[in-house]
Structures are given as C-alpha cells and as structure tokens.
Amino acid sequence: MENVVEMSWRELNYIFIFIKYQKAGCKIWSYLRKYPISRNDINALKREGWRFSIEDISDYGLINEKQRQILLRRGLSGYQRDVTVFHEFSHIFYDYIAGSAFNKSEKEIIAEWTARRTRRNHKLLRHAIRSFGLEPSIYDASSYKAFSRNSFADLEYKFKVNMMGNMS
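Residue numbering for the sequence shown follows numbering that gives the first Met the number 0, beginning at 0 and increasing consecutively.
Where hints are given, some of them may not hold.
Okay, derived cross-link-like pairs now, DSS-like style, lysine-lysine, Cα gap no bigger than 30 Å in a straight line [as the list claims (entries may be wrong)]:
#1 65 / 106
#2 22 / 103
#3 122 / 19
#4 103 / 144
#5 22 / 106
#6 33 / 22
#7 122 / 45
#8 26 / 45
#9 106 / 122
#10 103 / 26
#11 45 / 103
#12 144 / 122
#13 103 / 19
#14 106 / 19
#15 65 / 144
#16 19 / 33
#17 45 / 106
#18 103 / 65
#19 144 / 22
#20 26 / 144
Pairwise CB distance ranges, derived in the manner of DEER restraints [as the list claims (entries may be wrong)]:
#21 102 / 12: 18 to 28 Å
#22 29 / 99: 32 to 42 Å
#23 13 / 94: 27 to 37 Å
#24 46 / 122: 16 to 26 Å
#25 95 / 68: 14 to 24 Å
#26 64 / 2: 34 to 44 Å
#27 74 / 8: 28 to 38 Å
#28 99 / 148: 46 to 56 Å
#29 40 / 66: 17 to 27 Å
#30 20 / 52: 31 to 41 Å
#31 29 / 103: 21 to 31 Å
#32 148 / 98: 15 to 25 Å
#33 63 / 40: 16 to 26 Å
#34 24 / 94: 13 to 23 Å
None of these hints come from the bench; they were simulated from the model. Each residue gets a CB set at the ideal place from its N, CA and C atoms; glycine is no exception.
Use the sequences and the hints to build the structure in full.
Take a look at the structure:
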C-alpha cells in the first residue's frame, strides 16, 4: 500500500469506506462520529504538556508519548504540516479505541482520513496552530478563513464574538 499521505482524497476515502465495511461492528466508528476532535481535546493536550518539535525525520510526523512531544518533519508545506498535526492528534485520541481490531496500515488510513476531514474546520485549524505556537500558513479556503487578517474568523477569534451578533 502506498503511503497514506500521498493518496488522493478519493483513494483514501475509498479505502476508508472499505475498512469501515469490513469491520462494521467495531466501536471506533461510533466514537469518531460522537467524539470528533474538538477545541477541548486540543486544550487538554496543551494542559498536559504536549508540544511540537520540527525535526529531520523521514516520516511526516511521529509521537513521543514519554516526552509528550509530536515531531514534525522539517520542510513540510503548510498543508502537509497541518494535516500531519491532525493526523498525530488522531493517533493520540483514537488508536487506543481501535485497539488490536485494526492493523497498523488500517490505523494509518483512519488517522489520515480523520485528519483531512478535521483540518477543513477553519476554527479548529486556527485553534490548533495558534495553541501550539506553530506558524500559520494560507494555502486553501479553510486556511484562509483560519488565518487571513481580513477574515471574520480572525476578528471572531481576537474579540471572542460571533460576527452574527451573538457573544461566543
């Protein structure tokens, strides 16, 4: 199987659905639906002392649980870096739920699928990148909404208001 980070969304989604169909009874599926990665999860990682480090590694990202550190490969594009952030978050939050019902390749598919879907949420993307002091990068509509200085999302974040008139 090719590296999951190099798969198109279509290929990744196809394999994800195939795995989901083959292992339909596993609790990971309802858990992913009921408990998507949230601001509270990101805040919990920060409180627990997790941090990011840019390193010369061959993988896009790795987790060092003992040191509460997520290693990111030096030189990743903004998109690759942001997906990798959420990919590693997915491993932290969901691998223990998947347990031994899934092999390493299947866990990688689940983590990558979850990461790409989660990264599209501009508010969550902004929160994750800013919470851990990573450099914002604009490369698509989600990242523009998350980091453009002229976007409503940026004003909402700075002033803790909802631009529709309600307080956040």
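Outcome of the hint check:
Restraint check for residue 65 and residue 106: the C-alpha separation of about 21 Å stays at or below 30 Å, so the hint holds. As the CA atoms of residue 22 and residue 103 are separated by approximately 15 Å, the hinted pair is consistent with the 30 Å bound. Our distance criterion of 30 Å between C-alpha atoms is met by residue 122 and residue 19, whose separation comes to about 28 Å. The straight-line distance between the Cα atoms of residue 103 and residue 144 is roughly 34 Å, outside the 30 Å bound, and the hint therefore fails.
In summary, the hint linking residue 22 to residue 106 is supported, as the alpha carbons are separated by about 12 Å, within the 30 Å threshold. Distance restraint check for residue 33 and residue 22: the Cα-Cα separation of roughly 18 Å lies within the 30 Å cut-off, and the hinted pair is therefore satisfied. Simply put, residue 122 and residue 45 have alpha-carbon atoms about 17 Å apart, close enough for the 30 Å limit, and the pair holds. Simply put, residue 26 and residue 45 have alpha-carbon atoms about 27 Å apart, close enough for the 30 Å limit, and the pair holds.
This hinted pair checks out: residue 106 and residue 122 have alpha carbons roughly 26 Å apart, not beyond 30 Å. With a C-alpha separation of about 17 Å, the suggested pairing of residue 103 with residue 26 holds against the 30 Å cut-off. As the CA atoms of residue 45 and residue 103 are separated by approximately 26 Å, the hinted pair is consistent with the 30 Å bound. At most 30 Å may separate the alpha-carbon atoms for a hinted pair to count; residue 144 and residue 122 meet this at roughly 8 Å.
A threshold of 30 Å between alpha carbons decides the hint, and for residue 103 with residue 19 the separation of about 15 Å falls inside it, so the pair holds. For the hint pairing residue 106 with residue 19, the CA-to-CA distance comes to about 11 Å; that is within 30 Å, so the pair holds. About 35 Å separates the Cα atoms of residue 65 and residue 144, which puts this hinted pair outside 30 Å; it is violated. The straight-line distance between the Cα atoms of residue 19 and residue 33 is roughly 16 Å, inside the 30 Å bound, and the hint therefore holds.
Between residue 45 and residue 106 the CA atoms are separated by roughly 24 Å; this keeps the pair inside 30 Å, and the hint holds. This hinted pair checks out: residue 103 and residue 65 have alpha carbons roughly 20 Å apart, not beyond 30 Å. A threshold of 30 Å between alpha carbons decides the hint, and for residue 144 with residue 22 the separation of about 36 Å lies outside it, so the pair is violated. Under the criterion of a C-alpha separation no larger than 30 Å, the hint pairing residue 26 with residue 144 is inconsistent with the structure, at around 33 Å.
Taking the beta carbon of each, residue 102 and residue 12 are about 19 Å apart, inside 18 to 28 Å as hinted. Evaluation of the 32 to 42 Å hint for residue 29 and residue 99 yields a failure: the beta carbon distance comes to about 18 Å. Under the hint 27 to 37 Å, the C-beta atoms of residue 13 and residue 94, about 22 Å apart, miss the expected range. Between residue 46 and residue 122, the C-beta spacing of about 19 Å keeps the proposed range 16 to 26 Å intact.
Take residue 95 and residue 68: their Cβ atoms lie about 18 Å apart, and the range 14 to 24 Å holds. For the pair residue 64 and residue 2, the supplied restraint of 34 to 44 Å is violated, since their beta-carbon distance comes to about 23 Å. The given range of 28 to 38 Å is broken by residue 74 and residue 8, whose C-beta atoms sit roughly 23 Å from each other. The hinted range of 46 to 56 Å is satisfied by residue 99 and residue 148, whose Cβ atoms lie roughly 47 Å apart.
Restraint check, residue 40 to residue 66: a C-beta distance of roughly 20 Å satisfies the suggested window 17 to 27 Å. For residue 20 and residue 52, the Cβ-Cβ distance of about 38 Å falls inside the hinted range of 31 to 41 Å, so the restraint holds. Range check, residue 29 to residue 103: about 22 Å between beta-carbon atoms, so the 21 to 31 Å window is met. At roughly 44 Å, the beta-carbon separation of residue 148 and residue 98 lies outside the given 15 to 25 Å, and the hint is violated.
Taking the beta carbon of each, residue 63 and residue 40 are about 19 Å apart, inside 16 to 26 Å as hinted. Between residue 24 and residue 94 the Cβ separation comes to about 18 Å, which falls inside the hinted range of 13 to 23 Å.
Going through the hint list in order, the structure does not satisfy hints 4, 15, 19, 20, 22, 23, 26, 27 and 32.
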